[in-house]
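Participant: Chain residues, written in single-letter form:
Number of protein chains: 2
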Amino acid sequence: MDSIQSIMTRRSVRQYTGEGIDEKDLKIILEAAMSGPSTANTRPWSFIVVRDKETLGKMAEANGKAANPLRTADIGILVCGDLSRAFPSAKDYWIIDCSIAAQNMTIAAHSLGLGSVWLGTYPQMDKVENQKKLFNLPEDIIPHSILSFGHPDPHEPSLNRAKFNEDQVHYEKW
Amino acid sequence: MDSIQSIMTRRSVRQYTGEGIDEKDLKIILEAAMSGPSTANTRPWSFIVVRDKETLGKMAEANGKAANPLRTADIGILVCGDLSRAFPSAKDYWIIDCSIAAQNMTIAAHSLGLGSVWLGTYPQMDKVENQKKLFNLPEDIIPHSILSFGHPDPHEPSLNRAKFNEDQVHYEKW
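Going down the list, the protein sequences come from chains W and Z. Residue 244 is where the first sequence starts when you use the working numbering, and the numbers rise one by one after that. Residue 244 is where the second sequence starts when you use the working numbering, and the numbers rise one by one after that.
Next comes chain W alone, as it looks inside the complex (with noise of 0.2 Å):
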């Protein structure tokens, strides 16, 4: 898909056919998260793959209503940064890099054909901590984001979400 297009085109897809994932589609996905810029080069991140149903359930349960999608998922990618790669100087840049990493993973899915969404994590602490929890992280791994990815089913109805508004663009000064 053009690239362009893939970025206007993709929308956030919550509901999926059960069809699998390839493994090499799920390998350009990764790819293409690690491809994104980080804050001098400190790649501060880590990525959970799941695709078991019981731990899909248990993510979608620790992380509220709004991470239903990962019931029907076939993937779900807990995105984490990890602090022990932070830049030391100012290590909230992590919260900065792995949203890079994920955003990447979400053009690339629509490109190839896949749905997914961003089910937020951080800064909610209180999701943070239960991802932490049921996946008995490291005192330096933070949650930030879960990506629910499936192939995306054509009856869900579409959000017709606004898009370019010139008001929230300013030339040259405030």
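Simulated from the structure, these hints should not be mistaken for lab results. Don't take every hint at face value.
Because identical chains share one entry, a pair is satisfied inside a single copy or across any pair of copies.
Unchecked claim - Restricting the straight-line Cα-Cα distance to at most 27 Å, the calculated cross-link-like pairs of lysine-lysine (DSSO-like) are:
1. LYS270 / LYS301
2. LYS308 / LYS267
3. LYS376 / LYS334
4. LYS267 / LYS301
5. LYS406 / LYS267
6. LYS406 / LYS308
7. LYS334 / LYS406
8. LYS406 / LYS416
Given chain W, work out where chain Z should sit, using these hints.
Facilitator: Relative to chain W, chain Z alone:
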């Protein structure tokens, strides 16, 4: 350009030829930004587009040495969070939402044959305050990142960054 190829081949470009960027390409880049998802569709961003050389120099000065690419860029965009639009129960999602918008811009620019680089601002609060002061921003508008854009100088040395690292992927469990 193919979408997967665009994601995988994007590199931070810090040297530019000085050639101008078309208004229509700028519009595509801004549309790409606002095509990203945001927390509960809050769209908590504002973008300040700067072409004026003197202002670009001041932005570079305010952001420290790593922001020198702005001095030869054709366009700098200050991506800001707009807290008045942020998700009420967890406002700090604005940091993630602005990251998504900015990453969409870098991929779109690369697809258009342009080069860009992220110039980190938030969470380095000295840089945040400097940009805020430079643009005399309202209280609820928070500088997040600057992106500089230009036509890539073909003589810029390639950094040949690492990409996929299997050690940063975990399957089913930590």
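Participant: From the Cα coordinates, with 27 Å as the cut-off, is the pair LYS270 and LYS301 best called within, between, both, or neither?
Facilitator: within (24 Å within a copy, 42 Å between copies)
Participant: Evaluate LYS376 and LYS334 at a C-alpha cut-off of 27 Å and name the case that applies: within, between, both or neither.
Facilitator: Both, since 22 Å and 24 Å are each at most 27 Å.
Participant: Pop the pair LYS308 and LYS267 into one bin, within, between, both or neither, using alpha-carbon distances up to 27 Å.
Facilitator: neither (30 Å within a copy, 41 Å between copies)
Participant: Reference check for the pair LYS406 and LYS308, CA-CA at most 27 Å: within, between, both, or neither?
Facilitator: within (26 Å within a copy, 34 Å between copies)
Participant: Using 27 Å as the alpha-carbon threshold, which applies to LYS267 and LYS301: within, between, both, or neither?
Facilitator: For LYS267 and LYS301, the Cα distance is within 27 Å only inside one copy (26 Å; across copies 46 Å).
Participant: Given identical chains, is LYS334 near LYS406, meaning Cα to Cα at most 27 Å, within a copy, between copies, both, or neither?
Facilitator: Between. Shortest inter-copy distance 21 Å satisfies the 27 Å Cα cut-off; intra-copy 32 Å does not.
Participant: Indicate which option fits the pair LYS406, LYS416 if close means a Cα-Cα distance not exceeding 27 Å: within, between, both or neither.
Facilitator: Within one copy, since 23 Å is at most 27 Å while 37 Å is not.
Participant: Indicate which option fits the pair LYS406, LYS267 if close means a Cα-Cα distance not exceeding 27 Å: within, between, both or neither.
Facilitator: between (32 Å within a copy, 16 Å between copies)
In summary, the one numbered hint that this structure violates is 2.
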